[in-house]
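As given, the protein sequences belong to chains A and B, one line each in that order. Each step along the first sequence adds one to the number in our numbering, with nothing skipped, and position 87 is 418. Each step along the second sequence adds one to the number in our numbering, with nothing skipped, and position 80 is 66.
No lab work stands behind these hints, which were simulated from the structure alone. Note that this is a predicted model, so its numbers are computed, not measured. Here a beta-carbon is modelled for each residue, glycine too, at the ideal position from N, C-alpha and C. You may find that some hints are simply not true.
[To be verified] Stretches of chain A that chain B covers, calculated by requiring three or more beta carbons in the stretch to come under 8 Å of a beta carbon on chain B:
{"no.": "1", "stretch": "349 to 360"}
{"no.": "2", "stretch": "379 to 390"}
{"no.": "3", "stretch": "420 to 428"}
{"no.": "4", "stretch": "431 to 440"}
[Unchecked claim] To give an idea of the chain B side of the interface with chain A (calculated C-beta under 7 Å), a few residues:
{"no.": "5", "residue": "15"}
{"no.": "6", "residue": "17"}
{"no.": "7", "residue": "19"}
{"no.": "8", "residue": "28"}
{"no.": "9", "residue": "31"}
{"no.": "10", "residue": "34"}
{"no.": "11", "residue": "78"}
{"no.": "12", "residue": "80"}
{"no.": "13", "residue": "85"}
{"no.": "14", "residue": "86"}
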Amino acid sequence: NAGVTQTPKFQVLKTGQSMTLQCAQDMNHEYMSWYRQDPGMGLRLIHYSVGAGITDQGEVPNGYNVSRSTTEDFPLRLLSAAPSQTSVYFCASSATGELFFGEGSRLTVL
Amino acid sequence: KNEVEQSPQNLTAQEGEFITINCSYSVGISALHWLQQHPGGGIVSLFMLSSGKKKHGRLIATINIQEKHSSLHITASHPRDSAVYICAFYRWGKFQFGAGTQVVVTP
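For reference, chain B alone in the conformation it holds in the complex (with noise of 0.2 Å):
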């Protein structure tokens, strides 16, 4: 039973643009994380949140927890945002993890 569904599963997009990813959960969470992976690469995490939004660079991380949604927005997107943008929470002791989101910026 997959309790974390990540969209889209591809997506790419031009030097500029505005990109949203989207993660959307079915059971209660306190907190829900960002991650990010670039190709070969090694993963660090862009965001913790419990609510609202947070900010960092021309990344936008906002999530409603009564509603089980969080999305990640990127503005301005650039080739270097060229990436796999995976959302995660953690429950009874374990991190569960989407599927990612990968993501392909072109010049």
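Looking at chain A on its own, in the form it has when it is part of the complex (with noise of 0.2 Å):
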């Protein structure tokens, strides 16, 4: 049972580039979200799902999409990075109540 799995562990982004961060998990959780982390910010929702099919902004949506075609995947995309989106970010799900989180994926853009 791998649990939440994240995607890549570490990347380095110039200003403009696009890319995906990863998130599967392996628990048929319905709840998938996404955070990202920075210095004395805490964590701050960026997307949720509460099922395949079904996605909804949380407090930092901009810059970000997401989609959940599937229970298991819910990337997370970056349109075109800029500096401000340096930052932690942590992929977890939920079910019951019982809260899982990826390792999390450092992202530099430069």
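Two chains, two frames, a set of hints: combine them into the complex.
As structure tokens, this is what we get:
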């Protein structure tokens, strides 16, 4: 049982480049979410999904897109990276209130 | 509007000391989570509790749902307990997180 798997763990981008952070869970959880963690800011919700085909915006959605075509996968897309998107990103899934996080993806935008 | 507050923000203790971290929230919830994040590491769930007390090893979490307050205690603290501890709850489709308490335990 792998839990929540995030890739890549580290990524350096140039301003304007696009990329996708992958998130997969094998626990059949309906709820999945993406957060960014910045120093002194705590975890901030980017997008979330309550099931396949359903997504919604969180607190800081600008510059990010998501899709949920399957229960297992919830990728986060940066369409045109900006230095302000330098952060550590966490994917999480939940069922019956239990919360499981991926190991995080450290993204640097130059 | 911050519906969850943690205190203290930072805490330094000597090995063996008893540590308490507090979490207060301003809305009605059914359960509260305590999470742990080691430096440069991932986030793991320590407890989910809706009433009373839960214990896991040297960690004890308590909650008073009516008073909207929870505490996380670390007994006989050890340097490996050095981490950020975060409280969180689920409400209206989203998890809300406290800002975290940075704990440093020195030998």
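Item to check | Residue hint residue 17 of chain B, partner chain A, criterion CB-CB below 7 Å | outcome: holds, 5 Å
Checklist entry - Are three or more residues of the stretch 349 to 360 of chain A within 8 Å, CB to CB, of chain B? => result n = 0 at 8 Å, threshold three: violated.
Checklist entry - Is the shortest C-beta separation between residue 85 of chain B and chain A less than 7 Å? => result holds, 4 Å
Next on the checklist: Holds or violated: the hint that residue 34 of chain B contacts chain A, with Cβ atoms closer than 7 Å.
Outcome noted: holds, 6 Å
Item to check | When the least beta-carbon distance from residue 80 of chain B to chain A is tested against 7 Å, hint result | outcome: holds, 6 Å
Checklist entry - Does residue 78 of chain B pass the interface check with chain A, least Cβ-Cβ distance below 7 Å? => result violated, 11 Å
Checklist entry - Is the shortest C-beta separation between residue 28 of chain B and chain A less than 7 Å? => result With a minimum Cβ separation of about 4 Å from chain A (threshold 7 Å), the hint on residue 28 of chain B holds.
Checklist entry - Is the interface hint for residue 19 of chain B satisfied, with its Cβ closer than 7 Å to some Cβ of chain A? => result With a minimum Cβ separation of about 6 Å from chain A (threshold 7 Å), the hint on residue 19 of chain B holds.
Item to check | Coverage of the stretch 379 to 390 of chain A by chain B, judged on three or more residues with CB within 8 Å | outcome: holds (count 4)
Checklist entry - Given as covered by chain B, does the stretch 431 to 440 of chain A meet the bar of three residues or more with CB within less than 8 Å? => result As far as the stretch 431 to 440 of chain A goes, the hint holds, because 5 residues have Cβ atoms under 8 Å from chain B.
Checklist entry - Against chain B, does the stretch 420 to 428 of chain A show at least 3 residues with beta-carbon separation below 8 Å? => result holds (count 4)
Item to check | Interface hint compliance - residue 15 of chain B to chain A, C-beta minimum distance less than 7 Å | outcome: violated, 10 Å
Hint violations for this structure: numbers 1, 5 and 11, all remaining hints satisfied.
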